[in-house]
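**Student:** Chain Z is fixed; fit chain B onto it per the hints.
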Amino acid sequence: MNPSADFAHRIAARVRAREVSAEEVLSDALARIEGRGRELNCFTSVLAAHAHEDAARLDRMIAGGFDPGPLAGVPFGVKDLFDVAGVVTLAGSKILAGGAQARQDATLVRRLRQAGAVLVGCQNMDEFAYGFTTENAHYGVTRNPHDMARVAGGSSGGSAAAVAAGLTPLTLGSDTNGSIRVPASFCGIFGLKPTFGRLPRTGTFPFVHELDHVGPLARCVADLALAYDLLQGHDSGDAGCVMRPFEPTCPTLDEGIAGLRAGVLEGWFAEGAAPEALEAVARVAEAFDEAVRLTLPEAHRARAAAFCITCASGAGLHRERLQARPQDFDPATRERFYAGTLLPATIYTKAQRLRRWFARAARLLFQRVDILLAPATPVVAPLIGQQTMQVGDTVMAVRPNLGLYTQPISFIGLPVVAVPLWTKSGLPIGVQVIAPPWQEARALRVAAHLERLGIATASRPA
Amino acid sequence: MTTPGTPLPAAQEQPEHAELAAIPAAYRAGVATQLAVLRAQAALVEEFPLPDELEPAPSFVP
Numbered sequence: 042m043n044p045s046a047d048f049a050h051r052i053a054a055r056v057r058a059r060e061v062s063a064e065e066v067l068s069d070a071l072a073r074i075e076g077r078g079r080e081l082n083c084f085t086s087v088l089a090a091h092a093h094e095d096a097a098r099l100d101r102m103i104a105g106g107f108d109p110g111p112l113a114g115v116p117f118g119v120k121d122l123f124d125v126a127g128v129v130t131l132a133g134s135k136i137l138a139g140g141a142q143a144r145q146d147a148t149l150v151r152r153l154r155q156a157g158a159v160l161v162g163c164q165n166m167d168e169f170a171y172g173f174t175t176e177n178a179h180y181g182v183t184r185n186p187h188d189m190a191r192v193a194g195g196s197s198g199g200s201a202a203a204v205a206a207g208l209t210p211l212t213l214g215s216d217t218n219g220s221i222r223v224p225a226s227f228c229g230i231f232g233l234k235p236t237f238g239r240l241p242r243t244g245t246f247p248f249v250h251e252l253d254h255v256g257p258l259a260r261c262v263a264d265l266a267l268a269y270d271l272l273q274g275h276d277s278g279d280a281g282c283v284m285r286p287f288e289p290t291c292p293t294l295d296e297g298i299a300g301l302r303a304g305v306l307e308g309w310f311a312e313g314a315a316p317e318a319l320e321a322v323a324r325v326a327e328a329f330d331e332a333v334r335l336t337l338p339e340a341h342r343a344r345a346a347a348f349c350i351t352c353a354s355g356a357g358l359h360r361e362r363l364q365a366r367p368q369d370f371d372p373a374t375r376e377r378f379y380a381g382t383l384l385p386a387t388i389y390t391k392a393q394r395l396r397r398w399f400a401r402a403a404r405l406l407f408q409r410v411d412i413l414l415a416p417a418t419p420v421v422a423p424l425i426g427q428q429t430m431q432v433g434d435t436v437m438a439v440r441p442n443l444g445l446y447t448q449p450i451s452f453i454g455l456p457v458v459a460v461p462l463w464t465k466s467g468l469p470i471g472v473q474v475i476a477p478p479w480q481e482a483r484a485l486r487v488a489a490h491l492e493r494l495g496i497a498t499a500s501r502p503a
Numbered sequence: 027m028t029t030p031g032t033p034l035p036a037a038q039e040q041p042e043h044a045e046l047a048a049i050p051a052a053y054r055a056g057v058a059t060q061l062a063v064l065r066a067q068a069a070l071v072e073e074f075p076l077p078d079e080l081e082p083a084p085s086f087v088p
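So the sequences go chain by chain: Z and B.
Per this note's numbering, the first sequence starts with residue 42, numbered consecutively.
Per this note's numbering, the second sequence starts with residue 27, numbered consecutively.
To be clear, the hints were calculated from the coordinates, so they are not data collected in a lab.
Beta carbons: idealized from backbone N, C-alpha and C, even for Gly.
Be aware that a few hints might be false.
Facing chain Z, according to a computed beta carbon distance under 7 Å, are these residues of chain B, among others [claimed, not checked]:
(1) Glu45
(2) Ala47
(3) Val57
(4) Gln60
Stretch-level coverage of chain Z by chain B, calculated; a stretch enters the list once three of its residues show a Cβ under 8 Å from a Cβ in chain B [as the list claims (entries may be wrong)]:
(5) 329-343
(6) 348-360
(7) 367-378
(8) 384-396
With the rest of the complex left out, here is chain Z (with noise of 0.2 Å):
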């Protein structure tokens, strides 16, 4: 295998190790960005020079005797919506291309690099981060690493696409609807959306405050948590940013599940999914001593009140540039922008009093069990330029409804790791192991625990 094709916490191994310097990392990666890369069409900028500085510090530190961290010489990618010193964040658009450079790493960005890995690049996301295929007017498409035909998911897929084809083993998304958990399922790798509150966002380009998360994608549970361990702490940057202990998960997550009660969701989670995506679920569920079938009531009013909030709020945040600019925007973005700038105030309010309304319904439900299982998609990745799916007898637009699942639980800000399962057409499809409010670790855990078993794995790199 390839240096930069392995797993993040073993790629760090070899490098503290002095078995593989960061700079034959580093070289491996960038060669395979400047390859499969272009074709998935992952990156919208690669920042080498930056790129081998670093990889050349870490080297002659690690020549010192001096350990760079727990994640040396990784290299990892960012949705280009993080904060890069010296780069524009783009958040997928046109309009912000001419701005100015950023002055300073995003938090997150900085825990990873202050933890040994080497940024090498920002990748490529739907415009402002609203849709779920990353079809950018901008920028194309992010294909997928397993279907050239068809989409990566968004609005993280080119970290998603750029994980599982092995050009980064890390990277970091963002998820305000499901923008980590859908690329994370058609891209068949984890990732976790961690609790709403529980990471930083200082220095990311907001979608919709009151819904966005940041979190890790990678290859195996392992690189997850690793990741998600390093990631933790409060940040003042964020007013959303919620004051909590470091509760790390990496020393829990060989513990395995016995005694934990799943409740898999049924009702608005399995009507209409896909028979792979039901199928999916039953296989993890198969996986705990105690599984039950539960309703979680009203989701799909918690769903129509998130894409009521994600709609309004993201109109007012984009106000000024839509009456600026309007033919700068992507024409789907700027379309249900503008449609935004026409929702009531009252439904804005009520839907914020819905999402109080539904987490205490999920908080009963979790007086039953301790997980939640649900499909993460509907169906398994679209065919790019795909306009209509059907969803039980429903035909819907793929663009905005591929997020059916993840919507409601994202409304919430419940903690999830998207694990990735195999259909018998060979692509992917992930489930939602959802878990309590700051359970991060037993999501985690049970992550790792399918991901052994060989129910839940990502593929070598495609």
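**Tutor:** Quick look at chain B alone, frame taken from chain Z:
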């Protein structure tokens, strides 16, 4: 002031052309399509009864 007993107009029943007047003409057709989708979602929220004491979920921590 509203006359007691007179129902308030539902938000989604406002005349569409009046709302869209603020949108550049070239984009109105596409926006109207998205607005119809949004209104359908808004109706699901609006019709659901909630207790009066239920506050909006916080989005700001002082």
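**Student:** Tell me the numbers of any earlier hints that the structure contravenes, in ascending order.
**Tutor:** 2
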